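> Both chains come to you apart, so use the hints to assemble them.
Below are the chains, spelled out letter by letter.
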Amino acid sequence: DTEVTQTPKHLVMGMTNKKSLKCEQHMGHRAMYWYKQKAKKPPELMFVYSYEKLSINESVPSRFSPECPNSSLLNLHLHALQPEDSALYLCASSLLWTGSSYEQYFGPGTRLTVT
Amino acid sequence: SQQGEEDPQALSIQEGENATMNCSYKTSINNLQWYRQNSGRGLVHLILIRSNEREKHSGRLRVTLDTSKKSSSLLITASRAADTASYFCATDLSGGSNYKLTFGKGTLLTVNP
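Respectively, the protein sequence lines represent chains A and B.
Each residue of the first sequence is one higher than the one before, counting from 689 in the working numbering.
Each residue of the second sequence is one higher than the one before, counting from 5 in the working numbering.
Misleading hints may appear alongside valid ones.
[What the hints assert, rightly or not] As a list, the in silico EDC-like pairs of lysine to aspartate or glutamate whose alpha-carbon atoms are at most 16 Å apart:
| no. | chain 1 | residue 1 | chain 2 | residue 2 |
| --- | --- | --- | --- | --- |
| 1 | B | 74 | B | 9 |
| 2 | B | 104 | A | 791 |
| 3 | B | 104 | A | 712 |
| 4 | A | 729 | B | 11 |
| 5 | B | 104 | A | 746 |
| 6 | A | 728 | B | 57 |
| 7 | A | 728 | B | 9 |
| 8 | A | 729 | B | 9 |
Read the hints as simulated data drawn from the structure, not as lab findings.
Given the structure is predicted, the values throughout are model-derived calculations rather than measurements.
So here's chain B without its partners, still in its complex pose (with noise of 0.2 Å):
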């Protein structure tokens, strides 16, 4: 089954607001990460956030993370018509099994100008 499963499953907003995406897991967790693609192109990471963090900034994105309840966030600000992507979040099971990361079902995020 899916580990991470993001909310909303599409998110349509303005140039200039802010964009909130959510995403669950099931397991306990060693980091969550997040990546960014664009339509039909390859994943680009944007921020890994470690079991033991709560918060991570990057430029206009801040991640949260909360273990209690197994669900991370994530924020852009000010949003751009650039930031039109799917959004992924990926997690890695505490005491699983090395180098699998397993990556939620996605946010498409649509940023109209």
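Excised from the complex, chain A in its bound form (with noise of 0.2 Å):
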């Protein structure tokens, strides 16, 4: 099974609300990414993990909050988002770096709008 999978598809919210992104492999892969992208740019990395630990924190805002319950799962908590957060949210997991990079499998994206 080489699918990286993301719930939910689209999700609106509020400025005020809280809500959750969910990733899931079952690849055994032990690093997981979350990315933004925004419309006609390219991924812009987030949040790397690696063995259920934050590895990179790209300076990104406290409003959004990863956790790693576990290898196969990855979770984004938001919180208190603005409009200009509003973009396509893409989970990826991939083979632990040796030195090099591996191939990253992506999830299909969950596309977010703040209101």
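So, in structure tokens, the structure goes:
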């Protein structure tokens, strides 16, 4: 199974709401990623987890809170977002790097709209 | 700053023609990867080329890497309408932070039937 699943596919939330994005993979990958992608732009790395521990936080505002409850699941908790946070949020996974990168497997993304 | 920069930004061709996209980067890398993204969907990995490789093939795809010029090209031969997508190169920095891939701005390829 080489699939990364993400739920929900679409999410509309107000600026005072709290919501969560979920990501799941069963490929045994121990590196998992969150990316943010605005329209017509490349993906921008937000967070990286390796062995369920946060390895990289790309100076993401605290209104985004990642969580990796186990080796298959990755969550992104959202609170008090701004309209400019509206974007496609992509989850990905890969084998752990051993000095260089491996291919990343991406989920289909969650289209987030903040009103 | 962006590590990878693709050109052209947009490319429109007829079905059956070949499409060539280029990627330039600024610093030494371990690997360079190419991804495809259909509109509003997730990215799909196409090919990974290591810094000690010069050319790699996968089906109708041919990737070259010139580390002296810090550039790579992706050639899609005999294009099909289904190849319509955005194509991104992604690099990891030699000696840089582990796990971080930096994506270029992408080339939007349109294949007209």
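> Hint by hint, say whether it matches the structure.
So, going through the hints one by one against the coordinates:
1. B:74 <-> B:9: Measuring from Cα to Cα gives roughly 11 Å; hence the hint holds.
2. B:104 <-> A:791: The given pair, whose Cα atoms are some 12 Å apart, holds under the 16 Å limit.
3. B:104 <-> A:712: Answer violated: residue 104 (chain B) to residue 712 (chain A) is near 20 Å, above 16 Å.
4. A:729 <-> B:11: With a Cα-Cα distance of about 14 Å, the restraint between residue 729 (chain A) and residue 11 (chain B) holds, given a limit of 16 Å.
5. B:104 <-> A:746: Holds, at roughly 10 Å.
6. A:728 <-> B:57: 30 Å, violated
7. A:728 <-> B:9: 14 Å, holds
8. A:729 <-> B:9: 12 Å, holds
Of the numbered hints given earlier, the model fails hints 3, 6; all others are met.
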